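*Asks:* For reference, the chains in residue letters:
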Amino acid sequence: MPGVVVRDLPLDLDAFEGPFDLLLTLVLKEELELAEVEIAEIVVTFVDSRGKCCAFPAGDVGRLASLASTECVDAGREPLDLDVCGEFLVLVAALLELKARELFGGEEIGLDDLDPDEAAEELAERLAAYRRFKAAAGWLEERLAAESDRYFRVGPAPLAPALARELPRQDATLLAAALRALGAEPPEPSLRHLVLTYPPVSLFLERFRALVRRRRRFEFDEEVRGLSRIEQAVAFLALLELRKAGEILLGQPAPLAPITVWTARSV
Amino acid sequence: MDRALRLIDNPVDRVARVVEGLLVVAPRPLSVEELAEATGDGPDRVETALGLLAARYREGRSGIVLERVAGGYAFRAAREAAEACARLVDRPVRRGLSQAALETLAIVAYLGPVSRPEVARIRGVAADSAVAGLVDRGLIAEAGRAGEGGAVRYRTTALFERVFGLTSLAELPRLDDLGGDAQEIRARLEAVAERRGA
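If you're matching them up, the sequences are chains A and B in order. Per our numbering, the first sequence starts with residue 1, numbered consecutively. Per our numbering, the second sequence starts with residue 1, numbered consecutively.
In short, the hints are calculated from the structure, not lab data. Please read these numbers as outputs of a predicted model, since none were measured by experiment. Note that the Cβ used here is the ideal one computed from N, Cα and C, for glycine as well. There may be inaccurate statements among the hints.
[What the hints assert, rightly or not] Below 25 Å or equal to it, Euclidean Cα-Cα: the simulated SDA-like pairs (lysine to any residue) are: (1) A/LYS99 <-> B/GLY124; (2) A/LYS99 <-> A/VAL43; (3) A/LYS134 <-> B/GLY21; (4) A/LYS134 <-> B/PRO173.
[Unchecked claim] Cβ-Cβ distance ranges computed for the label pairs, FRET-style: (5) A/LEU179 <-> B/GLY144: 38 to 46 Å; (6) B/ASP136 <-> A/GLU41: 45 to 53 Å; (7) B/ARG56 <-> A/VAL154: 18 to 26 Å; (8) A/ARG126 <-> B/SER168: 23 to 31 Å; (9) A/ARG126 <-> B/ALA132: 18 to 26 Å; (10) A/ALA35 <-> B/LEU169: 31 to 39 Å; (11) A/ALA100 <-> B/GLU33: 13 to 21 Å.
My request is simple: use the sequences and hints to build the entire structure.
*Replies:* Put into structure tokens, the structure is as follows:
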């Protein structure tokens, strides 16, 4: 058989398409579910590929050996390569074993791990267990036949759900009161702390202008004494405003000392 | 007239009438506890009442028969009426069950809750379609999973006990009394092996 080695055997199955060795790799990596692979299809593909060089009925694996013999040579065809066939058989047998193991997953003890005596014991145990259930099935069958003239209602009518628990007697007026309290309009929240009430700067501008006009000089601290802190601050802003406009002069001997105000106009 | 009324007003008779009514309405067998809770009477009195009813509703005397089934009490038609019933209504299990279904049912009844792989292990073949068929018929039902994310497990239903006329699963014959024992099978296996060897 020239060319095609078993590993390169092209496969076209329901579950897989590609060379044989890729199938093996995928199965070993557990990326392909072996249970879905039809191994019989692989065998047919292989036998077909042999058939091209050495005609024999497709599927008749039993005749592989005889085909390797003189038959083919006599017919003028190439004889079957026994090495290739042997390799194929080994691989397919391995696949079959893997598949069988997979199909019977969850088996704690494989029978072939036991010595023949234990294996026979295990097998007998299992057969006995199965026989008991088979007998039980027979018992059920007889029972079903014996009870076949019992007719009864299998209504879908659901039973009323059981009350979870009995509540103590409730006073309806309490509930009404609770609801009324919930329904009442809540009191308007106070915004007083958000509003700063202070006079405009212009008020102090007018007042200080009048003062310097009348007295030419005054003590700032005396004028704002008795005002609130925020009013004093506004008054000070007015003072700075007037100074910026050049209407007044300011004097303070030391930081935080009393401020004296003069008119800027020389009369 | 007065005298007759007093007789009927015997408390057990009253409970019997209420229990009778409950059993007519119930879609499934009712246990003594359920009946006691519904009637508001003690279990003792309910059982006495059930005794009265069983004497009245029995084969040969009434078309309705009180039976103890699936862990409770239920009315069914008398066997005398079975033929007529068959013309009018279906039984939950109309045709017989297949061998695979019967074997699967037996395994679930004895070992339940049990998963499909466990059933397959005992029977040696996949149990998927047998299990699905029994679930469809309402004879078995899912009963949780074997551990976190494990296989779904199944157990038999009350309907199973009712169809097979069982008071409870305890009424099934002991598994040990069924089938051959391992010794006997082993002897047969060895006999076969010897014949092969020869």
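*Asks:* Determine for every hint whether it applies to the structure shown.
*Replies:* Checked hints:
Taking the CA atoms of A/LYS99 and B/GLY124, the gap is about 16 Å. The hint holds against a cut of 25 Å. Restraint check for A/LYS99 and A/VAL43: satisfied, since their Cα atoms lie roughly 15 Å apart, inside the 25 Å limit. Between A/LYS134 and B/GLY21 the alpha-carbon distance is near 42 Å, which puts this suggested pair outside the 25 Å criterion. The suggested pairing of A/LYS134 with B/PRO173 holds, with an alpha-carbon distance near 13 Å, which does not exceed 25 Å.
Between A/LEU179 and B/GLY144 the Cβ separation comes to about 45 Å, which falls inside the hinted range of 38 to 46 Å. With their beta carbons about 33 Å apart, B/ASP136 and A/GLU41 fall outside the hinted range of 45 to 53 Å. The hint said 18 to 26 Å for the Cβ distance between B/ARG56 and A/VAL154, and at roughly 24 Å that hint holds. Separated by about 29 Å at the C-beta atoms, A/ARG126 and B/SER168 satisfy the suggested range of 23 to 31 Å.
Under the hint 18 to 26 Å, the C-beta atoms of A/ARG126 and B/ALA132, about 25 Å apart, fit the expected range. Distance hint check for A/ALA35 and B/LEU169: the Cβ-Cβ separation is about 35 Å, which falls inside the suggested range of 31 to 39 Å. For the pair A/ALA100 and B/GLU33, the supplied restraint of 13 to 21 Å is violated, since their beta-carbon distance comes to about 51 Å.
The structure is inconsistent with the numbered hints 3, 6 and 11, although it conforms to all the rest.
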